[in-house]
Structures are given as structure tokens and as C-alpha cells.
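Read off the chains here:
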Amino acid sequence: MFSLENITNLVSTWLYANLDPTWALVVQFVIVGVLVISLFSILGLVLIMMERRVAAWMQLRLGPNRVGPRGYFQTVADTLKLIVKEGMTPDGADKFLFNLAPFIVMIVSMVIMAPLMFAKGFQIWDVNIGVFFITAVSSVSVIGILMAGWASNNKYSLLGAMRSGAQIVSYELSAGLAILTIVVFSGSLQVSTIVESQADGWWLLKGHVPAVISFVIFIIAVTAETNRAPFDLAEAESELTAGFHTEYSGMKFALFFLAEYVNIFVVCAVGATLYLGGWMPFHIGNWTSFNQVMDYIPSSAWFFGKTFFLIFVIMWFRWTFPRLRIDQLLNLEWKYLLPISLFNLLLATVIAIMGLHF
Amino acid sequence: MSFIRQYLSDVISGVKSLLTGMRLTGKYFIKHKETNITQQYPDNRQELFAGLPDRFRGEVVMSHDDNNEHACTGCTACELACPNGTIKIVTKFDMTPEGKKKKAIDKFVYHLELCTMCNLCIEACPTSAIKMAQNFEHSVFDRRDLTKVLNKPGSKVREGVE
Amino acid sequence: MSLSAIIFYLISALILGAGLMAVTTTKIFRSAIYLLASLVGIAGLYFWMEVEFIAAVQIVVYVGGIVVLIIFSVFLTQQAGQQMPATPRNRTLWSVLATIFGFALTWNLVSAYGFKALDVEFDDNVERIGTKMLESGSGGFALPFEAVSILLLAAMIGCIVIAMKSTSEQK
Chain E
3 MFSLENITNL
13 VSTWLYANLD
23 PTWALVVQFV
33 IVGVLVISLF
43 SILGLVLIMM
53 ERRVAAWMQL
63 RLGPNRVGPR
73 GYFQTVADTL
83 KLIVKEGMTP
93 DGADKFLFNL
103 APFIVMIVSM
113 VIMAPLMFAK
123 GFQIWDVNIG
133 VFFITAVSSV
143 SVIGILMAGW
153 ASNNKYSLLG
163 AMRSGAQIVS
173 YELSAGLAIL
183 TIVVFSGSLQ
193 VSTIVESQAD
203 GWWLLKGHVP
213 AVISFVIFII
223 AVTAETNRAP
233 FDLAEAESEL
243 TAGFHTEYSG
253 MKFALFFLAE
263 YVNIFVVCAV
273 GATLYLGGWM
283 PFHIGNWTSF
293 NQVMDYIPSS
303 AWFFGKTFFL
313 IFVIMWFRWT
323 FPRLRIDQLL
333 NLEWKYLLPI
343 SLFNLLLATV
353 IAIMGLHF
Chain R
545 MSFIRQYLSD
555 VISGVKSLLT
565 GMRLTGKYFI
575 KHKETNITQQ
585 YPDNRQELFA
595 GLPDRFRGEV
605 VMSHDDNNEH
615 ACTGCTACEL
625 ACPNGTIKIV
635 TKFDMTPEGK
645 KKKAIDKFVY
655 HLELCTMCNL
665 CIEACPTSAI
675 KMAQNFEHSV
685 FDRRDLTKVL
695 NKPGSKVREG
705 VE
Chain C
1268 MSLSAIIFYL
1278 ISALILGAGL
1288 MAVTTTKIFR
1298 SAIYLLASLV
1308 GIAGLYFWME
1318 VEFIAAVQIV
1328 VYVGGIVVLI
1338 IFSVFLTQQA
1348 GQQMPATPRN
1358 RTLWSVLATI
1368 FGFALTWNLV
1378 SAYGFKALDV
1388 EFDDNVERIG
1398 TKMLESGSGG
1408 FALPFEAVSI
1418 LLLAAMIGCI
1428 VIAMKSTSEQ
1438 K
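Chains as they are written, first to last, in the working numbering: chain E, 3 to 360; chain R, 545 to 706; chain C, 1268 to 1438.
The set of hints was computed from the structure by calculation and includes no laboratory data. Ideal Cβ positions, reconstructed from N, Cα and C, are used throughout, including at glycine. Each hint should be verified, as a subset may be incorrect.
Which residues of chain C face chain E? A few of them, derived with a C-beta cut under 7 angstroms, are [what the hints assert, rightly or not]:
#: 1; residue: L1376
#: 2; residue: Y1380
#: 3; residue: V1393
Computed beta-carbon distance windows for the label pairs [stated by the list, open to error]:
#: 4; chain 1: C; residue 1: M1316; chain 2: E; residue 2: L41; range: 54 to 62 angstroms
#: 5; chain 1: C; residue 1: T1293; chain 2: E; residue 2: V29; range: 16 to 24 angstroms
#: 6; chain 1: C; residue 1: G1332; chain 2: E; residue 2: G35; range: 36 to 44 angstroms
#: 7; chain 1: C; residue 1: N1357; chain 2: E; residue 2: W127; range: 48 to 56 angstroms
#: 8; chain 1: E; residue 1: T15; chain 2: C; residue 2: M1316; range: 50 to 58 angstroms
#: 9; chain 1: E; residue 1: V214; chain 2: R; residue 2: R589; range: 50 to 58 angstroms
#: 10; chain 1: E; residue 1: W16; chain 2: C; residue 2: W1374; range: 43 to 51 angstroms
#: 11; chain 1: E; residue 1: V29; chain 2: C; residue 2: F1339; range: 40 to 48 angstroms
#: 12; chain 1: R; residue 1: D554; chain 2: C; residue 2: G1425; range: 22 to 30 angstroms
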């Protein structure tokens, strides 16, 4: 059966056999870096294409269909255009910070990838605080956005950045509490342990009502955290032209754009890991033959299937709901999501202590 | 307690209304082959010529019959009705066989580049001399080509149309 | 020098350099960003020491919380974009002297004690931190934990009371 675990083990054994540990580690860093960067570019191409297709079909349109077979090279053409475009820096901008901001946003979304478990035994860094690490590092990306908004020396950018900051800081709370619900159930912060705790069923299915409620809250909160519609106030084009990236062009803009999509991928991967069992195949109780058929599907396919399903749900939100006003946005968080998720956490704790989950 | 009931019913009705919206777009997504309304214009040009909707308006034309006669009396009702001065009627005086002078159109000048296809001129016309055609390929290389004279050369008003 | 030591010195240089830049720059927003770099460097140092939980807490509290707060207050300050006047020379002199004396004092204390390595198994198991927080017996931190919780709760309620519009007065 196809498995990524064998490949990684093979590479690791070979490296440690032939090099001294320090250099083996360095070579591993390089391999991981190359893999992450190529994953980034592939994700950018695939997700942007997917977004345009989903958007078109939901709005009774066809979507791109001219470049390449059925329009599938459209994003490649767009990327080429962005690469050859001049990356302008406005005259009144704080040039150092202006040029630094896209890289901060990008690096943050790269670092968050570390604890993700892409397949069975295929993980960059199995840190013992995996989920907490993701929550912690993702809070840094707001600094990149604030920096971009400030350094552009443009009132729209500044307003967009401040909206984005207020939004991310508020929604981090309920996203964190939703994650905590699953941490309470599984009793660990480590990603691999959380996935293993779902071998006999996904938390969404065996966690009763609290898991379902926290799943819904998690999806809403991460949609807000990634600044996507209906929470895209930070770049509300009818009010703020393009929000914090108004002044960016060319490849610097492309980095923001790419980081947005990679962030969506990461949060959906976290959602899939916590609620849908990560790479764990779908098993039903005692149906042995059914379970064996499910086991034949490679674990990476399970992981990416679940993640892309969640990405599709978030895109579905974007092309269905109208944008919220800022007061509605904060009302939703502070009056609805936060109290509900606090109460939900209490309920989950009671269930976990009593051992009521399956 | 009523406050909690209010709160919960708010949450439930909110979620329900969101799900209604998502069901609609989800239906569109799944049945995108049937629901899609995009016309792939240059590819299906012939189809478009054959079957545009009845109410599609392309440009104003004046209908002429086989004897090269039209129904325009030159009353300028359409010119007055036009909100942005698209129509300009140049009149002349014909001599009737009885020796009387009769008002008739010399040129019915129509500026397609100004026209918004609002249909007001068609409604204003008392004799139904002009109508909307469904031709939509209006691109030309010279702007002057968009200024058209609608009555054909040598045409005259049909007998009996006052 | 091993690779580990090189990384340690690089991170330390980042922390100190960014800290120095934060206090010497004349642009207030850049100062906040240098502070951010310094705090991220400290988190990096924790990661280097393999105490991931403390490192993540450092990032959440200082980078995600305090620096964002500082940046927000910079945004709300008037004339925040302007360059501030350069520090007067005698003020620089005195602050340099104060730094030197502070450094000398610390050095004196540390060298008197010596860099002794404790022979204790060190780990930052999150589960143990959690149980210690709620343990009331010896070595438990239940009382300080609860005291801090109540303090924070009081602060939160106070914020709500201050921010709340009193509808009765308006009528």
C-alpha cells in the first residue's frame, strides 16, 4: 500500500547513516523547506483555481475556460502576470516595513505548517504542544497586516489594518476555546496523540453535542480569522478599495494573496485534524469488511480530502453570505460565539470527566 | 428566563436562515450544468441570432415594406420622447397631387452611440413606424458609422398613414 | 563551537540588537516592531532550550497580545507617523551610564553565585504544569492561580462596567 511513512523513514535512516547528526539535521531542514515552499506554490495554484470555479458555479457562471484545457492554466497565467509586474513602493511609505510586511505574513503561515500531520507518520515537527503552537504563531500574522496597513501611509490601508486587527484578536478567543474543547476530550495538545485518539471514531461523531457546537464555532471563527467573506471587512472593496493591501502590487501583493490561501488551508487542516480525525480513515463500529476497504485508501488522501472538504465549506460561505458590518461582527463574537463556546467548554469538560463520550 | 429563550431563538433562527442561503447556492453548485446562464458569445453566435429573448433590444430600426414605404409621418414624437437626444428628424415638404404642401421626413437621423435602448421612442410613436431590432454586433472602426439614417433613400410614407 | 552554540549566539544577538534599536529609533511604530523582534527572539531562545510550552506562551502573551496592544495605541496616538526629535545628548549619556551600572550590578550578582548547573531533570510537560496549577497540597499553585483568576475577573467586570452605556441616564 502506498504510504509516505516509508519514504520519510528511508530518507531519515539514510541521512543519519551517512552524515553526522548536525549535518543530517541541516539536510532535513533543507528538504523540509523545499517541500513546504513547493506545497505553497501548488496550494496557491490549486486553491485559487478552486475558488474561481466554486464562485462561478454558485453564481450561475462558467468560470475561467479560455486558458489551457477548460481554463485550468488560468492561475498559471495570472501568476506569470504578477511576477513580471513591477512591485511599487509608494513615496510616502515607510519603505523598510512596507517591504517587510508581506514576508512576515508569509513566514507565519509557513511556520504554522510545522505541527500539521499530513499523513500517517508524515509530519514536520511532532511538538508536544502542537495545537497550542498553531494558535500561538497564527496570532503573529496580525502584526504583518498591521505593519502593511501602517507602512502604506494610506488611510484606507490603515483603516483596513485596524479592522483586521480588532477582528483577528477577538475571534482568536472563540477559535481557541473551540480547539480547547477537543483538547479536553482527547487530553493532549500533541497533534499525533489527538489523531490517534480518533482511531475508533472522529470527535465530531463521538463527542456528542459539544463537539458539534464547537465545530460550528471553530469554522465561523477561522473564517473570520483568515479575513474571508462574510468577515472580509479588512479589505471591503466597496468601502476601503482593498484594505491593508491597497498599495501593494506585483509579487508583494501576490505574497499576501498566497498567504491568505495558505492560511485557509492550514486552518482547515487543523479543523480536519481536530474534528474529522486527520488522516484516520472512516470506520463504522463492527463492519470489518467496510473498515478494511476504508483502510486501503492512503492516509494522505484522507487528510487532503477532509481538508479540501472544509475549504469548500468556507468557500461556500464566501459566495453565499453578504458582508457583515463591524458592529454586527463584534456582536456576533462577544455576544454569541464567546458565551456559547465558554458554556460549551464547560459541558465538554463534564462529558469528558464523566466519560460519557464513546 | 424569557431573555434566554429569546437568545436561543435568535441563534436558531439565524442559523436556519444561513442554512437556507447555503442550500440555494449548494443547489446551484451541484446542478451547475443546468443553472449556468453564461452565453459563450463568439462560439454560439449562430444560436444567439436564432433565438434571443423577445424583449432584447439591440437598435432602433424603421420598417419598410416591399414598395419601399414606411409609416413615419415626421411627427417628431420620438425625438421629443428621447431622453438623450439620440433621434434627430429632418423634415421636408412634399407636394401632394392636389398641389398642397405636405410635411414628410427627409432624414430620420439616429445616433446609435447615444442610444440607451430605453424603448421610449417606440412607445411614443403613434404610427408604429419604428421598432427595436435584435441586432447586437455594433462594433465599427469609425465612430461616424454609428450615426445612421433610418429611412431608406427614395422611400416615402405609406398611403393612408396620418 | 557547536551548531547549537552558534544558534544561541545568533538568537541572543537578535534579541539584544533589536532591543537596542527599539530604544534608539526615532520612529515610534518602528520601535514597536523592533520590540516585537526582540520578543520573538526570546521565544526563539525558549524553543532552542526545548521548553516549547513557555515559548508558545511567550508568543501568545507578548507578541499576540502586548505588541498588538502597543501597536493599536500607536495607531490611536496623534502624529504617530512623524519622526520624533533625536534624544538630547546628556539624556543619552545618563541612560548609557544607568545601563552600565545595571549591567555591572547583574554581573556582580551572577559572578558571585557562579553559573552552576542544577542537576535536576527538567521538563515542561503541559500536563504536569496543569496539575500543579490546580494542586492545593505542597508544591501546588492553586491559591496564587485562583487569586490571579479573581483579579483578572474583577478587571474584566470593571472594564465592562466602564464601557457599558447606562441607558437610564439618557432618558
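Evaluated hints:
Interface hint status for L1376 of chain C: violated, as the beta-carbon distance to the closest one in chain E is roughly 32 angstroms, over 7 angstroms. The criterion of a C-beta within 7 angstroms of any C-beta in chain E is not met by Y1380 of chain C, whose closest approach is roughly 31 angstroms, and the hint is violated. Evaluation of the V1393 of chain C hint against chain E yields a held restraint, the C-beta minimum of about 6 angstroms falling below 7 angstroms. In this structure the supplied range 54 to 62 angstroms is violated for M1316 of chain C paired with L41 of chain E, their Cβ-Cβ distance being about 29 angstroms.
A C-beta distance of roughly 44 angstroms is found between T1293 of chain C and V29 of chain E, which places it outside the suggested range of 16 to 24 angstroms. Hint check: G1332 of chain C to G35 of chain E, Cβ distance near 30 angstroms, so the stated range 36 to 44 angstroms is violated. Our hint of 48 to 56 angstroms for N1357 of chain C and W127 of chain E holds, since their Cβ atoms are close to 50 angstroms apart. Taken as a hint, the range 50 to 58 angstroms is violated for the pair T15 of chain E and M1316 of chain C, whose Cβ atoms sit roughly 28 angstroms apart.
In this structure, V214 of chain E and R589 of chain R meet the distance hint of 50 to 58 angstroms, their C-beta atoms being roughly 52 angstroms apart. Here the CB-CB span from W16 of chain E to W1374 of chain C is close to 48 angstroms, well matched to the stated 43 to 51 angstroms. For the pair V29 of chain E and F1339 of chain C, the supplied restraint of 40 to 48 angstroms holds, since their beta-carbon distance comes to about 43 angstroms. At roughly 28 angstroms, the beta-carbon separation of D554 of chain R and G1425 of chain C lies within the given 22 to 30 angstroms, and the hint holds.
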